[in-house]
Amino acid sequence: MNARRRTKADGLPNRVYNRSNTFWWVRNTDQKWIRLCRVDEGETRMLERLAEEKRKIEIDPDSGNMPRLLDIYMQTHEKQYAESFQAEWKRRGETIKTAFAKYDIQQADAGAIDDFLRGNWADKLPTFQAMHGWLSKFFAWATVRRYVSANPCREVQVKKPKVRKVYIPNGHFLAIRAALTTTTYEKKIKGEVRTITAKVPSGPMMQVFVDLCYLTCQRSTEIRYLRLDQIDREAGVIHFVPTKTEDSSGEAVDWPITPEIDEVLKRARALEPTFGQTYVVRDAHGQPYTDQACRDAWEGAMVRAKLGDKPYTIKDIRAKAMTDANKAGYDLDALQVAGAHSDRSTTAGYIKSRQVPVSTVRLALPGG
1 MNARRRTKAD GLPNRVYNRS NTFWWVRNTD QKWIRLCRVD EGETRMLERL AEEKRKIEID
61 PDSGNMPRLL DIYMQTHEKQ YAESFQAEWK RRGETIKTAF AKYDIQQADA GAIDDFLRGN
121 WADKLPTFQA MHGWLSKFFA WATVRRYVSA NPCREVQVKK PKVRKVYIPN GHFLAIRAAL
181 TTTTYEKKIK GEVRTITAKV PSGPMMQVFV DLCYLTCQRS TEIRYLRLDQ IDREAGVIHF
241 VPTKTEDSSG EAVDWPITPE IDEVLKRARA LEPTFGQTYV VRDAHGQPYT DQACRDAWEG
301 AMVRAKLGDK PYTIKDIRAK AMTDANKAGY DLDALQVAGA HSDRSTTAGY IKSRQVPVST
361 VRLALPGG
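Numbering (UniProt numbering), first residue to last: 1 to 368.
It should be emphasised that the hints constitute simulated quantities derived from the structure, not laboratory data.
The structure presented is a predicted model; accordingly, all values stated were derived computationally and were not measured.
Honestly, I wouldn't trust all of these hints.
[What the hints assert, rightly or not] Now the in silico label distances, taken between C-beta atoms and shown as ranges:
#, residue 1, residue 2, range
1, Tyr81, His285, 18 to 26 Å
2, Val39, Glu88, 37 to 45 Å
3, Glu52, Asp262, 47 to 55 Å
4, Pro273, Tyr81, 24 to 32 Å
5, Lys159, Pro201, 36 to 44 Å
6, Leu271, Trp134, 31 to 39 Å
[What the hints assert, rightly or not] Computed list of lysine-lysine pairs in BS3-like fashion (alpha-carbon distance at most 25 Å, straight line):
#, residue 1, residue 2
7, Lys137, Lys159
8, Lys165, Lys310
9, Lys159, Lys315
10, Lys162, Lys32
11, Lys165, Lys90
12, Lys137, Lys79
The beta-carbon is built from N, C-alpha and C at its ideal position, and this holds for glycine as well.
Input sequences plus hints: build the corresponding full structure.
Dropping the structure here:
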């Protein structure tokens, strides 16, 4: 809603209004109504809050206007993304803001964007693609708001990442899983170097995380944010609404609580903290583990299992699970439902890319 012209003087600063016993300021950059404070908190508090809000959009003489526009864009668009993705989305925005700190938005042409992307992620196509997508949506917004006349990201070529073909063999998977709970190190005791085996505090919970990633064929993000209220004991299922699709295709899946999954869930309930549980996989404060914490635990276990040179990532657990299920006889229709894929070809790609085809051609040497 735009600011309204005053019909009579009320003594308030420009663009500040009293509505329902609350002072509001209409931000001039996007016409958004910003709450300052309640009227009974006084004029001094209102002026302090007004100064705080104005500082957020003031232009630093040593910087361009792009950081300010990025701030406005992030403030107005953050809530459009799944809660589990918001922190990562904002992190990408802050990276862009730092890189373009001295740019006016009109200076950020296709060449500048191409240099930024290729200078940082030329050899990391998935990240290149993700950052290009972030910038493209920002410039689409800026075009609609008339800050720029065209979206420069359209001119930047983006290669499609190669289909990942990594498959974790059973032996390697079990070795990494076992290494999550223990670590060894050398310590000098009374002049003698001894090898000490110690428990990793987060190990049992990380095993729960890995086990559920495999047994449910779900993305690791869904397991990290899995809440106890998604576990429907009466229906005997876990209700999954994948965060990657909840704002697009909306594909969801109810996963049966098999005896194997039930055993993992019981292990999770018995782990600390046992009070006020909300999440199945949780840290010492009862909050979901961050993506980085899970990645660090996985990579540390790989090193301890003497598999540090392998390209295995947490995301490969899902691919392994779906490939193993296919080998066990489940067809693509069943796996499409399991993976919450809206497109059957996505499921087929998961399987084909990780199974080496066996030729059925049989030849004999030619006769003399």
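Could you tell me which of the numbered hints above are not met by this structure, giving the numbers in increasing order?
-> 10, 11
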